[in-house]
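*Asks:* Sequence:
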Amino acid sequence: EKRNAAFGDLSGGQQQRLFIALALVNEPEIVFLDEMTTGLDPQARRVAWDLIERVRERGATVVLVTHFMDEAEILCDR
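Take the position in the sequence shown, starting the count at 1, then add 1067; the result is the number in my numbering.
Honestly, the hints are just simulated from the structure, not real lab data. Take the hints with a grain of salt, since some may be wrong.
[What the hints assert, rightly or not] Simulated restraints on C-beta separations:
#, residue 1, residue 2, range
1, G1075, D1137, 30 to 40 Å
2, E1068, G1126, 17 to 27 Å
3, A1072, R1145, 21 to 31 Å
4, N1093, K1069, 17 to 27 Å
5, E1140, E1068, 32 to 42 Å
6, A1073, M1136, 19 to 29 Å
7, R1121, L1077, 39 to 49 Å
8, D1101, E1140, 10 to 20 Å
9, G1075, R1145, 20 to 30 Å
10, L1089, D1117, 10 to 20 Å
We put the CB at the ideal spot given by N, CA and C, even for glycine.
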């Protein structure tokens, strides 16, 4: 539906999801995510958490910056 939309026409949550996709598209060994779930609704936030878990399972290192303590507790192992 939004495939041909200009970036500026996307909602804040859609822009954030695009940023996440761009960060992960080439399957990097190290991923830096700054406030990854800011602007996402609760359901999209949990989907993003599942995505990060899959990235970690494939062996990538994820450096996560967040103000959400529940997010840090769920996603971080150190």
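*Asks:* Now tell me, hint by hint, if it's right for this structure.
*Replies:* Hint check results:
1. For G1075 and D1137, the Cβ-Cβ distance of about 31 Å falls inside the hinted range of 30 to 40 Å, so the restraint holds.
2. One distance hint, 17 to 27 Å for the beta-carbon pair E1068 and G1126, is violated here, with the actual separation near 33 Å.
3. Evaluation of the 21 to 31 Å hint for A1072 and R1145 yields a failure: the beta carbon distance comes to about 39 Å.
4. The given range of 17 to 27 Å is respected by N1093 and K1069, whose C-beta atoms sit roughly 22 Å from each other.
5. At about 34 Å, the CB distance of E1140 to E1068 agrees with the hint of 32 to 42 Å.
6. Look at A1073 against M1136: about 35 Å separates their beta carbons, and that is not inside 19 to 29 Å.
7. As the Cβ distance of R1121 to L1077 is approximately 24 Å, the hint placing it in 39 to 49 Å is violated.
8. For D1101 paired with E1140, a C-beta distance near 18 Å keeps the hint of 10 to 20 Å intact.
9. Restraint check, G1075 to R1145: a C-beta distance of roughly 38 Å breaks the suggested window 20 to 30 Å.
10. Roughly 18 Å separates the CB atoms of L1089 and D1117, a value that falls within the hinted 10 to 20 Å.
Going through the hint list in order, the structure does not satisfy hints 2, 3, 6, 7, 9.
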